[in-house]
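There are 4 protein chains.
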Amino acid sequence: CQLEFFPGIGEIQYEGPTSRNPMAFRYYNASEVVHGKPMKEWLRFSVAFWHTFRGDGSDPFGSATKAWPWEDASLDPMEMAFRRIRANFEFLRKLGVEYWCFHDRDIAPEGRDLAETNENLDKVVDLALDLQKQTGVRPLWGTAQLFKHPRYMHGAATSPQAGVFAYAAAQVKKAMEVTLRLGGLNYVFWGGREGYHTLRNTHLKTELDNLARFLRMAADYKRKIGFKGTLLIEPKPQEPTKHQYDWDAATTIGFLREHGLKNDFKLNIECNHATLSQHSCEHELQFSSSQGMLGNIDINTGDPQTGWDTDQFQISDPVEATLLMAVVLRQGGLAPGGFNFDAKLRRESTAVEDLFYAHIGGMDALARGLRNAARLLEQGEVDSVIQARYSSFDEGIGKDIVNGKVGFKELEKYALSHPDPIEDLPSAHAEKAEIVLSMYVQ
Amino acid sequence: CQLEFFPGIGEIQYEGPTSRNPMAFRYYNASEVVHGKPMKEWLRFSVAFWHTFRGDGSDPFGSATKAWPWEDASLDPMEMAFRRIRANFEFLRKLGVEYWCFHDRDIAPEGRDLAETNENLDKVVDLALDLQKQTGVRPLWGTAQLFKHPRYMHGAATSPQAGVFAYAAAQVKKAMEVTLRLGGLNYVFWGGREGYHTLRNTHLKTELDNLARFLRMAADYKRKIGFKGTLLIEPKPQEPTKHQYDWDAATTIGFLREHGLKNDFKLNIECNHATLSQHSCEHELQFSSSQGMLGNIDINTGDPQTGWDTDQFQISDPVEATLLMAVVLRQGGLAPGGFNFDAKLRRESTAVEDLFYAHIGGMDALARGLRNAARLLEQGEVDSVIQARYSSFDEGIGKDIVNGKVGFKELEKYALSHPDPIEDLPSAHAEKAEIVLSMYVQ
Amino acid sequence: CQLEFFPGIGEIQYEGPTSRNPMAFRYYNASEVVHGKPMKEWLRFSVAFWHTFRGDGSDPFGSATKAWPWEDASLDPMEMAFRRIRANFEFLRKLGVEYWCFHDRDIAPEGRDLAETNENLDKVVDLALDLQKQTGVRPLWGTAQLFKHPRYMHGAATSPQAGVFAYAAAQVKKAMEVTLRLGGLNYVFWGGREGYHTLRNTHLKTELDNLARFLRMAADYKRKIGFKGTLLIEPKPQEPTKHQYDWDAATTIGFLREHGLKNDFKLNIECNHATLSQHSCEHELQFSSSQGMLGNIDINTGDPQTGWDTDQFQISDPVEATLLMAVVLRQGGLAPGGFNFDAKLRRESTAVEDLFYAHIGGMDALARGLRNAARLLEQGEVDSVIQARYSSFDEGIGKDIVNGKVGFKELEKYALSHPDPIEDLPSAHAEKAEIVLSMYVQ
Amino acid sequence: CQLEFFPGIGEIQYEGPTSRNPMAFRYYNASEVVHGKPMKEWLRFSVAFWHTFRGDGSDPFGSATKAWPWEDASLDPMEMAFRRIRANFEFLRKLGVEYWCFHDRDIAPEGRDLAETNENLDKVVDLALDLQKQTGVRPLWGTAQLFKHPRYMHGAATSPQAGVFAYAAAQVKKAMEVTLRLGGLNYVFWGGREGYHTLRNTHLKTELDNLARFLRMAADYKRKIGFKGTLLIEPKPQEPTKHQYDWDAATTIGFLREHGLKNDFKLNIECNHATLSQHSCEHELQFSSSQGMLGNIDINTGDPQTGWDTDQFQISDPVEATLLMAVVLRQGGLAPGGFNFDAKLRRESTAVEDLFYAHIGGMDALARGLRNAARLLEQGEVDSVIQARYSSFDEGIGKDIVNGKVGFKELEKYALSHPDPIEDLPSAHAEKAEIVLSMYVQ
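Protein chains in written order, with this note's numbering: chain A, 1199 to 1640; chain B, 1199 to 1640; chain C, 1199 to 1640; chain D, 1199 to 1640.
Next comes chain A alone, as it looks inside the complex (with noise of 0.2 Å):
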């Protein structure tokens, strides 16, 4: 006997574009081939176990706000952690999204030890994989908590105590197997401790050169168990760290290939980190895509004005969304990656229906960012223009410089031989290109 967290709610509908409810789709539809493949394959969404689950509502500054169904303070918390898979399970199959993302300590809790934590996480993993089989759901990734427990407070595998490094590492160990054993399709490391609050008590370079050592331990578990799924590391500059290490994406492949991991790795790219780096989002996903690093995306976004990460569901900006899109069609999807919600409900939006409408805006709004740039890519207006910008590259000087024929005797001797190029100097027509973009967003 199935327990029944969401009784009101069925399974959400495809309703189009004009429909007036806010529990059904406008854009979103799974199976619609848009761009030569179905929407989900393109989407591959996934709902993020923490927020949507263990998300109470609490703030710096205030305390929890949820009173969910599933919750129920007189039971263990082994029976709760059953209760809250199973709601999981529940309002994936109604949402119709097909991946879901955990923590290992959200979903399980610590026991008196590690031995014992071990196995509460193992217990756990048994009900979701029947439930997975029911529904045919697997993880898009899995992942451990390394920055909650206070043991993690200077940092996990950058904390000064080699006995943190150890546990971390048996840590992400445990977590590995256990997206392994679910099927699960990538794992993702994000160092929510792995920074400094002060430099006056931090040595840089040996936080910097463990964090290298773990990743590659990391890398070579991975190997050795036979996991196939991508290993991702996802960017944030600050918070709740001053500096967090992987602070973009720049610099986080910078750091991958200085320590010789960039094969190993890919990027995470979370919109809200984006914008917390003072990049857009659109430029850490091109960035990463032309690095051929772009794995997945941690699709949410922020509030412009605000220095601090909010982690807000709908991409409300059509725009933003299509050029979101964009990218990830251009380099054909993002699979085995996805696009995960790592999205909470405002704090004040409590009812359990808003957890539905977060999804649904949320899913929508990329939808829609999906069926304009498939638009925009088709037409090819917007990137021949760009590649007639740079034409000059492609014969004369241009090619030698490219081919490396030249250097710069050679092209001082150009130079002199030539025309000033301000003779000839197009304009950007960046205004027009906006009037462009405009005409492919509905």
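Hints are computed from structural coordinates only; laboratory data are not their basis. Treat the hints loosely; a few may be bogus.
One copy or two, either will do: identical chains are not told apart, so a pair holds if it fits within one copy or between any two.
Derived lysine-lysine pairs resembling DSS-like cross-links, with alpha carbons at most 27 Å apart [as the list claims (entries may be wrong)]:
id	residue 1	residue 2
1	K1403	K1460
2	K1346	K1264
3	K1238	K1422
4	K1607	K1426
5	K1603	K1420
6	K1603	K1460
7	K1235	K1264
8	K1611	K1420
9	K1372	K1597
10	K1346	K1607
11	K1235	K1292
12	K1422	K1460
13	K1346	K1611
14	K1597	K1422
15	K1420	K1321
16	K1372	K1422
17	K1331	K1321
18	K1238	K1331
Following the hints, put chains B, C and D in place on chain A, whose structure we already have.
Using the frame of chain A, we list chains B, C and D on its own:
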């Protein structure tokens, strides 16, 4: 007959901390030995020709405010160029500074074409060479101005026009030759237009690849002409562009490493650029230094509440000055680099004396920091606390981690058989560290 | 014989949303009635003379990039002034815009002294008046440029020099007279230098008091000459100064109220200034409107990740355009104010056509927002949800609170005798509100 | 039998600037007379009960890290409340601080209903009163916590639910009574939930009007019960809300003036809140003071590169400390207000000693600033330079402007008949001012 542009001002003297004379040094005593070297060897100050002799007080909302004695609109551009060079050397002599920095186009005007422009530059360099011989002054670094002229409006090395790339190459070639001829110790790249205003018209990867090609040609040409100085890249996150490719130290080092250029370049860190990228200046210095990449400091400070480059002279906080100098002392100095005052008078500081006040204030602030930092390092209290904090990696399982002797499997075994590290986790004592630091700041 | 500066371009036509012609309107159909009024009455667009006819593409790191057809360095300043005015009216006619905005010093050059400067201004105004009669165009607003000339480097009304205050007063007096003569509908104060770079040399209270004195004199003089237009203050938090006194809407309204000037002024909200002060533009509009103080909008947009005023044309996000227009519709329009494009081409947009693209893109974005906002208000769904949310203040204890019938004592009695409000606290449904809003955005 | 929670720590002593003991004062010497008053009268330090005795080290990404000796999970909530109060008074005595600040809900737990909650509060206050009598300590201010409990999730005074407004009124009523009973010198309003997350569900004007109604009731009730202390509002721009109504000093004072409440309230300026609103703390102090509205300082500092409230203890920059103290000295002190340490240990500072280090560092930083500021004012050099800068308003046309004797007409006449002020415009000497300031900072 040498013109005198600062007739009422003699050579600035050291008068010690109790002096109340704003036209004297209170902390900077050039030949006084601090931490084993004369102060002038640690500090290697340089005056930036562009701000000091070409800055006219204009800003995006206002026209020029300065009426410097060497400026004379009735003279032809070359005569004016000579006067400014003379003013520069008089100023350096009176200030007691042994280095200067310049952009090619600041010291000599453009001619009708590149050939004439190069001739103009040579004539000015002839005069500078004479004056250098008389004074013993030399360039800390030279550079090419690749951002002011409209031909570079779409970028220089990253312009979509191959002809612009070639022109920029020719300009850098000449600027490197001229720097070599003047005995310059370093050569700097600041890519003011190497970035984008909008991704709507930009092919990111093409631009980044071209930037790498350009830098590779520069490194090749340096070797070809036997220039022994350091090539330096100066990161800045944005302004004038929305996104500048040399965003911060980590991004720039990552880029150099990607393109096999890391051994050919070091970094020139500017403090105001650091804070614009949401890093403390100390962070950028420490990070660069830990990578062996800190070659020079463009010393200035910004306004902590504004989002653009204010390029102010004096680091008013003695704690910050102490921390910056501590990084320099720890790496044994910056030579052949130094501290270049990439700083400008406030627009409404219009008296000739203000040029002296600004540099004196800036020099004294760093000299004060140097004295403090020397005490800090000599006492060793701070460093030993940090070292102790990481001592668990000097033995046992920590040493095994560092030496690569263990992996996840061994660490799990360790974690399962040892007490949870939370049981013995020390405090970070961050607030005590602040007190201890403050003891060294006078 | 009228010169033609835009020979290949005719009057811009409305072609509807499916048009792919960037030189046509897709949403702005001037005479089409939307929400009870022709679109042109809601939108009252204005072209900013300074950006469009005086902007040369220079920025803090670069010189001019534009070579507009009306500019001719061989002509004397007054001839050039006449040509620019003619270009302005040709541009307005072809764009189909009925208003323009100007600074005194943009339309006419300074003379040898104030008297001659005023004569210059009168001569240009004579021509503008002629052209206005021919075209039916008039100024949305005029203003005095009190920030560019070095005499204002310490401030205009807030200069420490009484002579500068007097000069600024004389300049505003003349600019108001000229605005009146041209039939201008409003007069604007933007205090670009009314602020400080550093408190080290500033007497805050003296400067604020002088600013109030200046505005009082302006209000007096307006009455004296019978100018019926609105006096508007345009807030901006910083840039060029570190702190600008008219920081944001709340600060400015508070200042006006303090000095008894609230009835004499309204606000001119600029969207990019709003975001620089960490407010959304919608916030500034709603707040001003709720105070009865929203008089005009300087419509533009900034870059959400940069800390300076980029003054871009097109609000690319149709959701934002919808929200801004909804504020305007709710207060019944902006007249006698309107929407002034205080926006500039990107530096590297150098073609004459770009001036059209930029304005067309900006106008269409708002027209799209207007159409959406009209649907939003006519449907009433959003407003009624908000109204219902506050309905507890329409009756019972809520009504007593609003009517001032109860104090702490009565409310304590109420609280002690009623259930804790937590027991019946509704969800905010913030995510649902986002979905509902998106339904109206096309 | 009094428990002792800090057994190894005695009363903190003044040892002078050369001391190397981090458990001693180097600058703060309570009874030493500086600038005419004992230091303790200028500084009037207060410990914040909530951070020091209720802060557990949790943050949005992590759980509690502190294990304070007074905490004992086996005790009932009231017993725990008593222990914390005892710890507070022991701490104050050893630190040598005479004031404390509290939220109602921090010192006593909620009961089953408001009546029981009030009883709980009374019992804790009974104990505090006893301990106050023994120690001579009293509250610098009290306040009601209207942001943590979920009933306030939509706001307290600005909640859309009238029942919540009533409940909040009852809570403030009781907190004011309790503050009066304890001999508290001020009462503070910080509106942590008085703002909005999104305008999508918010009626701005209704909320602002209700906030004014609430404050008016508070002022009325203060008079009714004969509370002679100052009512203080503490501005903060955002966090936890996206927009907080008491944004900054100017906004808050404008709001009070609008609603006729300016004479009933003063401001409590928090430095970290100042910088979050893009103002320097000195700006907020100077502005409030110039309006006669500076009543108290919540002294702390933030991280200049992060966008949230870090609430750190020690203002590490002695220049800043000097400037802040100079504002306080110029207005003759803060009494009945003072300096409340609204600051928290870093999450990973977990030793009981850290509570002392943090407060000692904070107190000493301000004491150092006080000593510097006293020299600055006594010497008069800085103030007289500023005064001279504005001297043109002391006579002639400047005096006529100040006295309202002239308007635009007379000023135009003056401007036309006098030389352009540019001819005689002095330099701002901003850089010299920095040097002069640095002379006073030791």
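Evaluated hints:
Taking the closest pair of Cα atoms, K1403 and K1460 come within 27 Å of each other both inside a single copy (19 Å) and across two copies (18 Å). Both within a single protomer and between protomers do K1346 and K1264 lie at most 27 Å apart by alpha-carbon distance, with minima of 20 Å and 14 Å respectively. In this assembly of identical chains, K1238 and K1422 lie within 27 Å of each other by CA distance neither inside one copy nor across copies; the values are 32 Å within and 57 Å between. In this assembly of identical chains, the alpha carbons of K1607 and K1426 lie at most 27 Å apart only when taken from different copies (19 Å versus 50 Å within one copy).
Only between protomers do K1603 and K1420 lie at most 27 Å apart by alpha-carbon distance; the minimum there is 18 Å, versus 43 Å within a single protomer. Taking identical chains as interchangeable, the C-alpha atoms of K1603 and K1460 lie at most 27 Å apart only when they sit on different chains, with a minimum of 22 Å there against 29 Å within one chain. In this homomeric assembly, K1235 and K1264 never come within 27 Å of each other (Cα to Cα): the closest approach is 38 Å inside a single copy and 46 Å across copies. In this homomeric assembly, K1611 and K1420 come within 27 Å of each other (Cα to Cα) only across copies, at 17 Å, whereas the closest approach inside a single copy is 54 Å.
For a Cα distance limit of 27 Å, the shortest separation of K1372 from K1597 across copies, 23 Å, qualifies, whereas the shortest one inside one copy, 52 Å, does not. In the homo-oligomer, the alpha carbons of K1346 and K1607 lie at most 27 Å apart only across protomers (23 Å), although the nearest pairing inside one protomer, at 58 Å, exceeds that limit. Only within a single protomer do K1235 and K1292 lie at most 27 Å apart by alpha-carbon distance; the minimum there is 23 Å, versus 45 Å between protomers. For the homomeric pair K1422 and K1460, the shortest alpha-carbon distance inside one copy (18 Å) is at most 27 Å, but the shortest distance between copies (33 Å) is not.
Taking the closest pair of Cα atoms, K1346 and K1611 come within 27 Å of each other only across two copies (23 Å); inside a single copy the shortest separation is 62 Å, beyond that limit. Within a single copy, K1597 and K1422 get their C-alpha atoms only as close as 45 Å, which misses the 27 Å cut-off; across copies the closest is 23 Å, which meets it. For the homomeric pair K1420 and K1321, the shortest alpha-carbon distance inside one copy (22 Å) is at most 27 Å, but the shortest distance between copies (59 Å) is not. Only within a single protomer do K1372 and K1422 lie at most 27 Å apart by alpha-carbon distance; the minimum there is 13 Å, versus 55 Å between protomers.
For the identical chains of this complex, K1331 and K1321 are intra-copy neighbours only, at 16 Å inside a copy versus 58 Å across copies, given an alpha-carbon limit of 27 Å. Within a single copy, K1238 and K1331 get their C-alpha atoms as close as 19 Å, which meets the 27 Å cut-off; across copies the closest is 61 Å, which misses it.
Hint check: violations occur at hints 3, 7; the rest are consistent with the structure.
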